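Here is what each chain is made of, one letter per residue.
There are 2 protein chains.
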Amino acid sequence: MEALKQKIIDEGKVLSDTVLKVDSFVNHQMDPVLMKQIGEEFAERFKGMGITKVLTIESSGIGPALMTALEMGVPMIFARKRKSLTLTDGLITATVRSFTKQETNEITISRDFITEGDNVLIIDDFLAVGQAALGLIEIVKQAGANPVGVGIVIEKSFQDGHRTVKETGVKLESLAKIASLENGKVQFVNEGDQQ
Amino acid sequence: MEALKQKIIDEGKVLSDTVLKVDSFVNHQMDPVLMKQIGEEFAERFKGMGITKVLTIESSGIGPALMTALEMGVPMIFARKRKSLTLTDGLITATVRSFTKQETNEITISRDFITEGDNVLIIDDFLAVGQAALGLIEIVKQAGANPVGVGIVIEKSFQDGHRTVKETGVKLESLAKIASLENGKVQFVNEGDQQ
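Those sequence lines, one after another, are chains A and B.
According to the UniProt record's numbering, numbering within the first sequence proceeds without interruption in unit steps and concludes at 195.
According to the UniProt record's numbering, numbering within the second sequence proceeds without interruption in unit steps and concludes at 195.
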């Protein structure tokens, strides 16, 4: 997705060989027009798959997931990273280790909102080692629903997440695929090379 | 806002005299069409005020804030409740006690995204005792910017938040104002009675 790649080039900050900071348009400040374009792009890439729900994880996934759900005309659910007092009974949980934050979270959703027969599109901002995506796929399966797609805004293709998600058999679409952050420079995957 | 009030009547669950659960369309599952309508309504209520940024707090505020920002053609920033490794320098912080979760959080934004001269519209899902709104107003002031409005999706008007925010002099607009949750029933404020 060219508009996204250009934004990464213009505003992304390479903090190390593995960390790309995109706080100016995804993770802290959000560009609503770009988010809308991202939603349109995901809706196009996953059209015709009978998707009934969009699932993401708080917080940075909410923007792209909401715009995708709006475009597809289905509800969006965001998994929570810890329990709140107003969410007690009927939870489905999975354990996820965050690569960026170096911490482990329980992620949870209510059984009320994803049920048997749902075709679920999982959306997240980043794919690194793939733990969040795997946790969300696990939650969908626990709910008796079908994980039919994983849509990622920015994939760090030099880490294991791409392979890990592909191995589940769930269709994966990443809008910007980064081959390397070495020497402080963003290099995108040459799409012709991608498996 | 009638569509919102109707949704609260149809799907809101009164858990106690002070807690209204709206997990099916705001706090866990989000209704994207309703969120878009909420964004349009806030844009209308705060038009002509020269707003340059929309500010909210993760996670449930992100949906309505993003849709408002899209409608207004400005960026959205979400304050974080704790520090992450990719946000270190140049933070502005305030302390906020959550009424629902009975816990105290540091909320933070980066100095990069709200600066002197910005006219900031604060959006949040709930107004109860007003601590989150006050914390966000404080952050905007610390940034040297102007808090010009507070837009709330659901106000619990029987708690102190309405008065507390009004006392700051910042324009407050709440789309659904709840007078009482007593006896398990949602009663809205009669708009003619509202101060």
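One or more of the hints may lead you astray.
No distinction is drawn between identical chains; accordingly, a pair holds when it is met within one copy or between any pair of copies.
Heads up, simulated DSSO-like pairs for lysine-lysine below, C-alpha to C-alpha not over 30 Å straight-line [what the hints assert, rightly or not]:
hint : residue 1 : residue 2
1    : K141      : K13
2    : K185      : K5
3    : K166      : K36
4    : K141      : K101
5    : K185      : K47
6    : K177      : K7
7    : K141      : K5
8    : K141      : K185
9    : K101      : K47
10   : K47       : K7
11   : K13       : K47
12   : K177      : K101
13   : K81       : K166
I should point out that these hints are in silico values taken from the structure, not numbers from a laboratory.
Being a predicted model, the structure only gives us computed values, none of them experimental.
We went through each hint and held it up to the structure:
1. K141 - K13: between (36 Å within a copy, 27 Å between copies)
2. K185 - K5: Intra 13 Å, inter 50 Å, cutoff 30 Å: intra-copy only.
3. K166 - K36: within (26 Å within a copy, 33 Å between copies)
4. K141 - K101: This pair counts as both: shortest intra-copy Cα distance 26 Å, inter-copy 29 Å.
5. K185 - K47: Neither. Shortest intra-copy (34 Å) and inter-copy (41 Å) distances fail the 30 Å Cα cut-off.
6. K177 - K7: within (13 Å within a copy, 40 Å between copies)
7. K141 - K5: The answer is neither: 32 Å in one copy and 34 Å across copies each exceed 30 Å.
8. K141 - K185: neither (38 Å within a copy, 36 Å between copies)
9. K101 - K47: neither (33 Å within a copy, 39 Å between copies)
10. K47 - K7: both (25 Å within a copy, 28 Å between copies)
11. K13 - K47: Neither. Shortest intra-copy (33 Å) and inter-copy (34 Å) distances fail the 30 Å Cα cut-off.
12. K177 - K101: Classified as within: same-chain Cα gap 21 Å, cross-chain 38 Å, threshold 30 Å.
13. K81 - K166: Cα proximity of K81 and K166: one copy only (24 Å, versus 33 Å across).
Hints 5, 7, 8, 9, 11 from the earlier list are contradicted by this structure; the remaining hints agree with it.
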